[in-house]
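Each chain is listed here by its residues.
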Amino acid sequence: MAVSADLAAAEATKVRRAAGRISHPVILGAATLTGLLSLLPLGFVVYIATTSGWGTIADLVFRPKVGGLLVNTLTLMALVLPLSAVLAVALAWLVERTDLPFAQLWSWLVIAPLALPAFVHSYAWNAFMPRFHGLGAAVLVSILAYLPFLYLPVAAQLRRLDPALEETAQSMGKRPAVVFFLVVLPQLRLAIMGGALLIGLHLLAEYGLFVLTRFDTFATAIVDQFQSAYSGPSANLLGGVLVLLCLGLLGLETGLRGTERYARVGAGAARRRGRLSLGKWRLLALLLPLIFAALSLAVPVLTLARWLWSGGAVIWRFDFIMPALGQTAMLALAGAILTTLAAVPMAWLSVRAPGRVQKILEASHSYVGALPGVIIALALVTITVQVALPLYQTVATLIFAYVLMFLPRALVGLRTSIAQAPVELERAAASLGRPPIAAIWQTTVRLAAPGAMASAALVALGITTELTGTLMLAPNGTRTLAMRFWSYTSELDFASAAPYALLMIVLSIPLVIMLHMQSDRVEQA
Amino acid sequence: MTDRLPLVIGALLALGFSNPISAQEGPIVVYNAQHETLAQEWATAFTEETGIPVIIRQGSDLEVANQILQEGANSPADVFLTENSPGMALVDKAGLFEPLPQDILDQVPAQFRPADGNWTGIAARSTVFAYNTDRLSEGDLPKTMAELAEPKWQGRWAASPSGADFQAIVAAYLVLEGDEATLKWLEGMQENAVIVRGNRAALAAANNGEVDGALIYHYYWFGDQAGTKESSGNTKLHYFGNQDPGAFVSISGGGVLKSSQHKDEALAFLRFVTGKGQDVLRDGTSFEYAVGVDHEANAALPPLAGLDAPEIDPTQLDTVKAAELMTEAGLL
Amino acid sequence: MLELWGISKSYGDHKGASGVSLFAPSGSRTVIVGPSGSGKTTLLRLIAGFEAPDAGTITLNGRQLEGIPPHRRNIAYVAQEGALFPHMSVGDNVGFGIPRQATDRSRRVEELLEQVGLPAEFRNRRPHELSGGQQQRVALARALAQRPDLMLLDEPFSALDTGLRETMRTMVGDVLRDAGIASILVTHDQAEALAFADHLVVMRDGRVADAGPPQRLYARPADIETARFLGEAIVLASVIHGGVAKTALGDVPVLQDDAERADVLVRPEQITVAAEGNGALGRVLHRSYRGAQWRLEIECRDGGLPEPFSVDVPASLDLRPGDPVRLSVNSEAYVFPR
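So the protein sequences, as listed, match chains A, B and C.
Read in the numbering used here, the first sequence has 276 at position 276, and its numbers run on one by one without any break.
Read in the numbering used here, the second sequence has 1005 at position 5, and its numbers run on one by one without any break.
Read in the numbering used here, the third sequence has 2029 at position 29, and its numbers run on one by one without any break.
It is possible that some hints are incorrect.
Below, a list of computed lysine to aspartate or glutamate pairs in the EDC-like style, where the Cα atoms sit at most 20 Å apart [unchecked claim]: (1) Lys65(A) / Glu1187(B); (2) Lys174(A) / Glu2051(C); (3) Lys1229(B) / Asp493(A); (4) Lys1321(B) / Asp1179(B); (5) Lys1229(B) / Glu491(A).
It is worth saying that the hints were derived from the structure and are not from the lab.
Given these sequences and hints, build the entire structure.
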């Protein structure tokens, strides 16, 4: 093992050196280009901030309304993130580690809310309890809509944890509860922080959910401003504040995470894991997933069913629905493919040629996904209308916005699958006379294809339900499912909106299935 | 699949770029800030009659108006429709509207269009106070809109100040009462009003008893009454009358862009909207007032003439100033 | 003294252990060896208390363990790859089982590290900064820290390289002996089992196939499978008459009454190979050089041996593939009980 570890280290340096040798200018160039394009929104915000002058900034940013938005946003985070973390850990632990009845079913139901876009959740709650709004509603609906983002990594980590760790700790005289806090929880930390970051970024970016729960955040205020004055200084400067919040959140997470990597020590053997017997608590424990499923699934599904029923046949305007469906599918497909392709060079560099340049490039790839759609859209509207008019209101610009928004989603999955493709194959292909790019394309890219498909599907899911960016950037005549849904919902015509909600959910179901299977595969890997 | 991928991407990209931006032929583009359903009804009927296809881009009054301003001469828009006048005035001030031919202007009485004839009214809506009949009796109703800023109304009424609708009402108040009074009223509103997003949400808040009443436009109430009554079953309408700012009638406008590549078709569309299209207002479910000469309003509505609205030239409505004051009062 | 009486445990259809009884004397080094799936790990987990047996009793030093959770058994457990807590430093790992309030905590951690041959400054390192062997040393130190009544070692050397494995085995054996702690080690490697055990238990299909001192099990196993499992075995069918077994490899002395049919165990080291002379005729199939010896693969089909077998001969004996050889058994052979 000592030798093998040393070997691995030596191998790693060799890989690095080898990669340095074949670090193709083409790949580096492609990654650099994507990285630079990713900087566009940030550059825009910086430009706005520097050209606005202090007077304007002071007038538009330092005012009570913005303070109120800040308080709202921070309160929301302070409530949603810890509550979600506790709930996600509790649910994951019950499902993965105990003899909770129907554990397999719950593992599906807990992530099923992902199939419902956040604004569909709030639409359902709005229709279900019209008087329920404000902070409480915003917190509840946020937790219901976003919990899977925390649950998935926590559950995967719980499955991945070597059972021997807990057994060893137990054999050393620690009670199971103590073992949980001393051994299990610390190792969930990275998963919890990763999930919490994701939720935090969603909270900053989400528009529809908070409009319907009547809770003002920066995203809603920016859209308000946009709707009052289009791309004006007020919206843009609020956008700058929002960008600062996003970057702050990223920095906070990076800082808290530190340099620690709880890489599993040793390769570990797949081992049967005993499930804790809940005994007399078994039925009581069942309440937790039951209540969660009732609130996150039963409420939306029943509300939706009610509107579909009461709306009757009239709401099925197929002359509207079919084009919306077609356009949504087309955008999702094109966006998913392009986003995944745009992520390939960076993913390859991260795995095969890690270094300082790669770190910087990767950071620029990743941060852009943390920016709310409203910021990217603001930047692109302003840039295209002012300096790149031929691209203004084109599908190309919209898809480019999607690429920027969902680049990190694609990157994460690709990186993992490329890392699993042995570098030796690239070298073998190269030694068999393939030019470098072809060698990579025919070995690593092929092997990474299933992972890439998964990433692409995740991106497609995001595009299918993307609202703010689409609203602001869509070419004339483009009406996606989300846009139609939103247009009816904002007129409180819940019944007419119902078919679109249903379609978005149906489109998202296969992706949820894939996510679930993917997290199963993690366990086997 | 992987081999053909570059091909697929190429095709997709081509598709993306070939999307018509401002094509020479083909459909007219309507930048629409009116209710999408209403605009869609007009468009469908127009296309049926003329064979000219219509593409609708949806937005809100000032968003679209500012968008047109920023797009300038390159705007892909042919026609601009709004819910309220200020958006039209903004575009008009920038000189982006094509002056309308007399035959279109003649279809609308002079009181519903600006004197310069660069755009025209296409529909109208009246400010109302929808109140919850369980919580307010007729005797408790506010006599004037100004009353709603008094302390006794704290937390008792709802409104949607972020929308262009309400900003038009504030602009009217500004015309009638001046800067100082308006700011004072807005500050009172900031204290008193329950802020929601959208007139329907305000109506729903009054209906479910969260507040006693809501300051909205009339047609939201009639539309809901004609449908499920889900958001209005417990409410009635109170018209302020007496030429009070609260009786303000807002004019929805329509205009043709100077930059339009399809001016004839665009003018035909506007001619249709102010002419035959007015029947849609009478027969449809929008419940906005028809403004066309000799066109009747929906039978469910009280006659527009009897509402005793204050007389305001739509070109005088200054929403920029209104928005400034609202921002100062902390409403925006 | 650990005693297992009639222990059974099954997982669905799979029998992990059925009716296992075994004894590990105090202070002894017991090794449970068996092919994978033989139930050896199941036994270890039952003893540790991670799982409960379906039937049977386990007692440790006279104390019934039934119903006692793992954390009250004071039985240490060293997992396959050490299972160090990745989020703790080496020092925290070792100190994990030492009560927080113990004043000599820091000193004991250093002592324990020294005991397993690691310098004291290792206490600040992180597990992933250690080599596999070092990780196992830390794991052992951590297990020793709780002063257990019994130490369970679950294939602790299987992930290590061959050379390191022997060193570690010797070190662990020494440390446990010095500490006077009884241990049970589970392995699938017979060489390791023979080297470490002073009490050997061979498991097969969830049962104890044979148990006792390793020398006895090697020389006089209970059955043919055990014989083959513990080393190269040549099993010869024979007739026994007057303390001599007539086999394909000639007459072999045995300590056994007359029998018409008996299976005789001959280990390769009991066979003398010569280029010529008396003895059964065989043929060299293959040879590989091992420095001091040649390892020959020899077939003896004429003599009625169906399978070829391997035997080491001095390097000076230059026999090439195809060469005929003469084979004879040079010492007393063991007859399997029937």
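Legend entry - Hints not upheld, ascending by number: Result: no hint breaks.
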